[in-house]
Amino acid sequence: MEPSIYQSELNLEATELRLGLPGRTNNKRSSPEDRSTSISISISKSSSVDSSGPSNATDHDDDDDDHQNSVQPAKVQVVGWPPVRSFRRNSMQQQKQKDEHNNNNGDGSAMYVKVSMAGAPYLRKIDLNVYNSYSQLLNALQNLFKCTFGEYSEREGYNGSDYAPTYEDKDGDWMLVGDVPWDMFTCSCKRLRIVKGSEAKGLASL
Amino acid sequence: MECCNKRRMMKESPESNFMNRRGSSCFPDEVLERVIGMLKSRKDRSSVSLVCKEWYNAERWSRRNVFIGNCYSVSPEILTRRFPNIRSVTLKGKPRFSDFNLVPANWGADIHFWLVVFAKKYPFLEELRLKRMTVTDESLKFLARSFPNFKAISLQNCDGFSTDGLAAIAADCKNLTELDIQENVIDDKNDNWLTCFPESFTSLEVLNFSILHNDVNFDALEKLVTRCKSLKTLKLNKSITLEQLQRLLFRAPQLCELGTGSFSQELTTQQYSELESAFSNCKNLNTLSGLWVVTPQYLPVLYPACANLTFLNFSYAPLDSDDIAKLLVHCANIRRLWVVDTIEDKGLEAVGTHCPLLEELRVFPADPFAEGDARGVTDSGFIAVSQGCRNLHYVLYFCRHMTNAAVATVVQNCPDFTHFRLCIMNPGQPDYRTSEPMDEAFGAVVKTCSKLQRLAISGLLTDLTFEYIGKYAKNLETLSVAFAGSSDWGMQCVLEGCPKLRKLEIRDCPFGNAALLSGLEKYESMRSLWMSDCKVTMNGCRLLAKEMPRLNVEVIKEDGSDDSQAERVYVYRSVAGPRRDAPSFVLTL
Chain Y
15 MEPSIYQSEL NLEATELRLG LPGRTNNKRS SPEDRSTSIS ISISKSSSVD SSGPSNATDH
75 DDDDDDHQNS VQPAKVQVVG WPPVRSFRRN SMQQQKQKDE HNNNNGDGSA MYVKVSMAGA
135 PYLRKIDLNV YNSYSQLLNA LQNLFKCTFG EYSEREGYNG SDYAPTYEDK DGDWMLVGDV
195 PWDMFTCSCK RLRIVKGSEA KGLASL
Chain C
-4 MECCNKRRMM KESPESNFMN RRGSSCFPDE VLERVIGMLK SRKDRSSVSL VCKEWYNAER
56 WSRRNVFIGN CYSVSPEILT RRFPNIRSVT LKGKPRFSDF NLVPANWGAD IHFWLVVFAK
116 KYPFLEELRL KRMTVTDESL KFLARSFPNF KAISLQNCDG FSTDGLAAIA ADCKNLTELD
176 IQENVIDDKN DNWLTCFPES FTSLEVLNFS ILHNDVNFDA LEKLVTRCKS LKTLKLNKSI
236 TLEQLQRLLF RAPQLCELGT GSFSQELTTQ QYSELESAFS NCKNLNTLSG LWVVTPQYLP
296 VLYPACANLT FLNFSYAPLD SDDIAKLLVH CANIRRLWVV DTIEDKGLEA VGTHCPLLEE
356 LRVFPADPFA EGDARGVTDS GFIAVSQGCR NLHYVLYFCR HMTNAAVATV VQNCPDFTHF
416 RLCIMNPGQP DYRTSEPMDE AFGAVVKTCS KLQRLAISGL LTDLTFEYIG KYAKNLETLS
476 VAFAGSSDWG MQCVLEGCPK LRKLEIRDCP FGNAALLSGL EKYESMRSLW MSDCKVTMNG
536 CRLLAKEMPR LNVEVIKEDG SDDSQAERVY VYRSVAGPRR DAPSFVLTL
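Protein chains in written order, with my numbering: chain Y, 15 to 220; chain C, -4 to 584.
Okay, chain Y solo, but in the shape it has when bound (with noise of 0.2 Å):
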């Protein structure tokens, strides 16, 4: 069969996956010049400093706007479009992905841990949620105990304080709390517990 004759048989014009606007009726194949049908995507150049939050920009090779051959989604994230500010989307953006993360976990609004210290007749809980950062929690948890941890260092952890503050992490180990970033450590704490510095030292020090 030649090949003119096997393609108007299969009649691609009618299956071509096309990438248009919603709503349109006009489905006229166009000149390259008329870019009213289909949606332009460019590639944005802006250096972003936020690095968290997904770029809204699609990578794109735009200079064949209507001869679409491969299969595009339904819709496209379109540069800077809905008009919503860098600063907004990405705080949307991490509030969403604590409720995911949140969600992921099971509980769906809260994160639970035991709180422990040597000396104390019981134990506390507290939500990891709460807090959006090491110097929240630890302030909280230097308020329930009313005892202090002192200057956090990567050298020498919490020098020259009474108490130091520990969690057990998925793996079952006993961690120094303030090594890793935030959102590692709330994944990965399973509970928590306040030494006293002597002992915290020790760990330190590995």
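Derived by calculation from the structure, the hints in this document are not laboratory data.
We put the beta carbon where it would ideally sit given N, CA and C, even for glycine.
Be aware that one or more of the hints could be misleading.
Quick list of the computed label-pair ranges, beta carbon to beta carbon [as the list claims (entries may be wrong)]:
no. : chain 1 : residue 1 : chain 2 : residue 2 : range
1   : Y       : Ser167    : C       : Pro193    : 21 to 31 Å
2   : C       : Pro79     : Y       : Ser167    : 30 to 40 Å
3   : C       : Arg76     : Y       : Ser167    : 50 to 60 Å
4   : C       : Asp557    : Y       : Lys184    : 47 to 57 Å
5   : Y       : Ser167    : C       : Gln265    : 27 to 37 Å
6   : Y       : Lys210    : C       : Pro578    : 57 to 67 Å
7   : Y       : Tyr136    : C       : Glu133    : 49 to 59 Å
8   : Y       : Tyr136    : C       : Asn279    : 41 to 51 Å
9   : Y       : Ser167    : C       : Thr263    : 26 to 36 Å
10  : C       : Pro193    : Y       : Ser147    : 21 to 31 Å
Please build the complex by placing chain C on the supplied structure of chain Y, with the hints as guidance.
Leaving out everything else, chain C in the frame of chain Y:
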């Protein structure tokens, strides 16, 4: 005032001032200056300056603040030559679509060479308000050193600086009353910039650092708040906990505007009641914002403070309809409300029920890119608000679909809209009940709302929308268009029909050279025109540039794109001529 003395020496002989020359005023210049000096409105001053030479001079000598809507429309040299006595400058830089990543980085709008000129000509500069400008740490340090009377700095949507720059301001601006950093791209180095305010510093009235994402030195903050007795506005960032908030409120019960930190923490009963009483002690609170990360069960601590609130900005707090309803019961005096669409239509019904004095509503999307059955607000919520809030004149509404009938009902209920910004998030979305274009919706808006100044349109729109706009929107000043129109005729209607049009921003529309060139006469009376991803070509732009030498016609070129197409066009009037600082990807034709 040393400036006035200088001018008296240069004046003509006293007799000439009292002669009635060519019908000009008989007032001595000092009196004229004094009288004209009382004019606050920019429009009035502009009119006054056109009357005659004496009035022009009186106006320019007496003017203390200047607003420049496009930093490239004038040069600092021209500005300082005309207005020798400026104390306060407001400058806007990049085109608004730069907020949505349509303008590449390093495009320009750098404040530095302005500051260098100001340091020489306006050594007594007190206020600087910038929007969408590039501001480096060097510039901030230079500012802090160069202006001994400097009082207020406000940076909105700016980029290029870090907390080092803030530290310089804190350390060196002895008379600072306002430090307002909003939605900027800032490098937060977490380096205790707050500690740079000296112990003797007490003049702060406005402090807004809500966008910083790192912790601040709370100790320094608390001490600062304690000693600045005139502090009226305090907007905190996420790192501030509820407990810390309580301590700050205790120190500053005189606050009028508060932006909270994170509104979620484990509180003991004692702490909860302390926080509650801290809020009830704030008798002057009229604005509340922040609430990053909300634990809804703590919202009741706000209730005692709600009765006097006029502006509630919950646009970063995704509450549900029940939480917002319970809160709004207490907020009968609200004039401006910003919320997230998680409150859904039910939440908007609560708005309509409890906030009859509402004038401005902004509903932001929690999840702009959600697929499928995403929730949010719809036409029924919009109608509910309009039924309860008849004073509504400003709306920004993000939704997934809308109907023509709903919009018509809304504007019938609230005919006084001055700002109507409807964003149907799916491009080219028709009326979801009738499947027709949304032309009649915006037709209703422009026909009914004769005071309309600002309009943003969306959804499936044909040229008919633009015909309506050109025919009825006689007070329209700003128009934002995306994915709309059928042909050049649409844009022509607007350019020919809207006499007060100042800003026109268009993206992804089928408007080409004919449309662009139909506005030849018009652009000099406008601030600017932006067209991106339309059908304009380089030749069209060149023709425009040739015919209108007092316009700057700039094309932003991207690598690897078609050389004949002009993907991003920015046209604006300027007395400063073409840009001297344009980067390589900006072609001035």
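Against the structure, the hints:
| no. | hint | in the structure |
| --- | --- | --- |
| 1 | Ser167(Y) with Pro193(C): 21 to 31 Å | 28 Å, holds |
| 2 | Pro79(C) with Ser167(Y): 30 to 40 Å | 55 Å, violated |
| 3 | Arg76(C) with Ser167(Y): 50 to 60 Å | 56 Å, holds |
| 4 | Asp557(C) with Lys184(Y): 47 to 57 Å | 53 Å, holds |
| 5 | Ser167(Y) with Gln265(C): 27 to 37 Å | 33 Å, holds |
| 6 | Lys210(Y) with Pro578(C): 57 to 67 Å | 60 Å, holds |
| 7 | Tyr136(Y) with Glu133(C): 49 to 59 Å | 57 Å, holds |
| 8 | Tyr136(Y) with Asn279(C): 41 to 51 Å | 44 Å, holds |
| 9 | Ser167(Y) with Thr263(C): 26 to 36 Å | 31 Å, holds |
| 10 | Pro193(C) with Ser147(Y): 21 to 31 Å | 28 Å, holds |
Of the numbered hints listed earlier, the single one contradicted by the structure is hint 2.
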